[in-house]
Amino acid sequence: MNANAQALLAPLLDVQGVCKSFRKPDGDELVVLENVNLTLRPGEIVGLLGRSGSGKSTLLRTIAGLELPSGGAVNYLGQPVVGPAEGIAMVFQSFALFPWLTVLENVKLGLEALRHPEADMRSRSLKAIDLIGLDARLLVPGERPADRGRSRTGQQRPATVNGIMRQYVLLVSRSGS
Amino acid sequence: MTFFAPFRGIFLAAFPVNLIYPIVVSSIVLGRLNPDIWLSPLMILGTQWYILFNVIVGASAIPPDMRYAGENFHVRGWLWWKRIALPAVFPFYVTGAITASGGSWNASVVSEVAEWGQQRLTATGLGSYISHATDAGDFRRTVVGVVVMALFVVVLNRLFWRPVFARAERKFRMT
Numbered sequence: 001m002n003a004n005a006q007a008l009l010a011p012l013l014d015v016q017g018v019c020k021s022f023r024k025p026d027g028d029e030l031v032v033l034e035n036v037n038l039t040l041r042p043g044e045i046v047g048l049l050g051r052s053g054s055g056k057s058t059l060l061r062t063i064a065g066l067e068l069p070s071g072g073a074v075n076y077l078g079q080p081v082v083g084p085a086e087g088i089a090m091v092f093q094s095f096a097l098f099p100w101l102t103v104l105e106n107v108k109l110g111l112e113a114l115r116h117p118e119a120d121m122r123s124r125s126l127k128a129i130d131l132i133g134l135d136a137r138l139l140v141p142g143e144r145p146a147d148r149g150r151s152r153t154g155q156q157r158p159a160t161v162n163g164i165m166r167q168y169v170l171l172v173s174r175s176g177s
Numbered sequence: 001m002t003f004f005a006p007f008r009g010i011f012l013a014a015f016p017v018n019l020i021y022p023i024v025v026s027s028i029v030l031g032r033l034n035p036d037i038w039l040s041p042l043m044i045l046g047t048q049w050y051i052l053f054n055v056i057v058g059a060s061a062i063p064p065d066m067r068y069a070g071e072n073f074h075v076r077g078w079l080w081w082k083r084i085a086l087p088a089v090f091p092f093y094v095t096g097a098i099t100a101s102g103g104s105w106n107a108s109v110v111s112e113v114a115e116w117g118q119q120r121l122t123a124t125g126l127g128s129y130i131s132h133a134t135d136a137g138d139f140r141r142t143v144v145g146v147v148v149m150a151l152f153v154v155v156l157n158r159l160f161w162r163p164v165f166a167r168a169e170r171k172f173r174m175t
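Heads up: the sequence lines are chains F and Z, in that order.
Each residue of the first sequence is one higher than the last, beginning at 1 in my numbering.
Each residue of the second sequence is one higher than the last, beginning at 1 in my numbering.
Take the hints with a grain of salt, since some may be wrong.
Stated by the list, open to error - Which chain F residues stay away from chain Z? Per the calculated CB distances, all over 12 Å, these:
#1 Gly-71
#2 Asn-106
#3 Leu-109
#4 Gly-110
#5 Glu-112
Stated by the list, open to error - Chain F stretches covered by chain Z per the calculated footprint, using a threshold of three residues with CB under 8 Å from any CB of chain Z:
#6 55–66
#7 77–90
Claimed, not checked - Just so you have them, the derived chain F footprint on chain Z, three or more residues with Cβ under 8 Å:
#8 36–43
#9 67–78
Hints were generated in silico from the structure; no laboratory data involved.
Treat the numbers as computed from the prediction; the structure is a model and nothing was measured.
Think of the CB as a built atom: it goes at the ideal place given N, C-alpha and C, for glycine as much as any other residue.
If we strip away everything but chain F, and leave its shape as in the complex, we get:
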């Protein structure tokens, strides 16, 4: 087997025996995740289904390193995830945008945190916004929320953003790809 094929077969993400429990206010233990195993390989699209409250978002947060498991381990590219993992992006159910930032500023924020040069951030963000068919000028400072949703583009925004973002989407990507 050559190196390329091996890289393709190696799991991107390896979740082994992950458990997560919370302490309830009355002192009892609430077990949310019990011995969860999941392997994700390059190119795979996996849907995670379950009733509300069944622990889907807890599992995703644990995979993204936003919460630490009470037991078991998450490995990303062979490395244990012990904090917010680089290369694992998470889109949240109840929260899509920082309401005080424009679309462009929202998209740029992730690159800003990685200290990319301004021109590079701008062009990459605009490309990404274009890709999902949004208008970067939306929510420009000074625009009143009362006016949002009146213009045609204003109506597109919630629909598009929600369509893409309201479901759980876990983007696992290697940098540069």
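With chain F's structure known, arrange chain Z on it following the hints.
The following block gives chain Z in isolation, referenced to the frame of chain F:
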């Protein structure tokens, strides 16, 4: 957050400002400081807790997913303050500032004239005007002083705080 646990804030707010009068008055007298400037801390100290309380409420009102999104993006340090924390807390800060500013006008009546033993320090201002008028039993001056102060508070609210609050609510509301 644990340091700013609300009960501690309430505990601090319950601290009677009068207790620091001797310290402030003797420092002003010994240092020959200008009472017009240095009596102000007395006026402000008692009311700034409103700002602290509101900011605490604002910080705890940040939705968990918003915090997670920040962490997921690796937003840290100054960028985190600039893009997430300060905007999120801003409307709550303004609410606190409005309350504090009203309260401070009120406090000026008791803090522009500070007494400790034989020492009596007077600042030039509306607060000391009202204070002197009430001490002298001058009903007319008291009424004039109180009416002017009420006007100040109302006009400042209309011309300054309301626009600031409206802007804060419009732009920085977490929905």
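Taking the hints in turn, this is what the structure says about them:
no., hint, result
1, Gly-71, "21 Å, holds"
2, Asn-106, "9 Å, violated"
3, Leu-109, "6 Å, violated"
4, Gly-110, "4 Å, violated"
5, Glu-112, "6 Å, violated"
6, 55–66, "holds (count 3)"
7, 77–90, "holds (count 5)"
8, 36–43, "violated (count 0)"
9, 67–78, "holds (count 8)"
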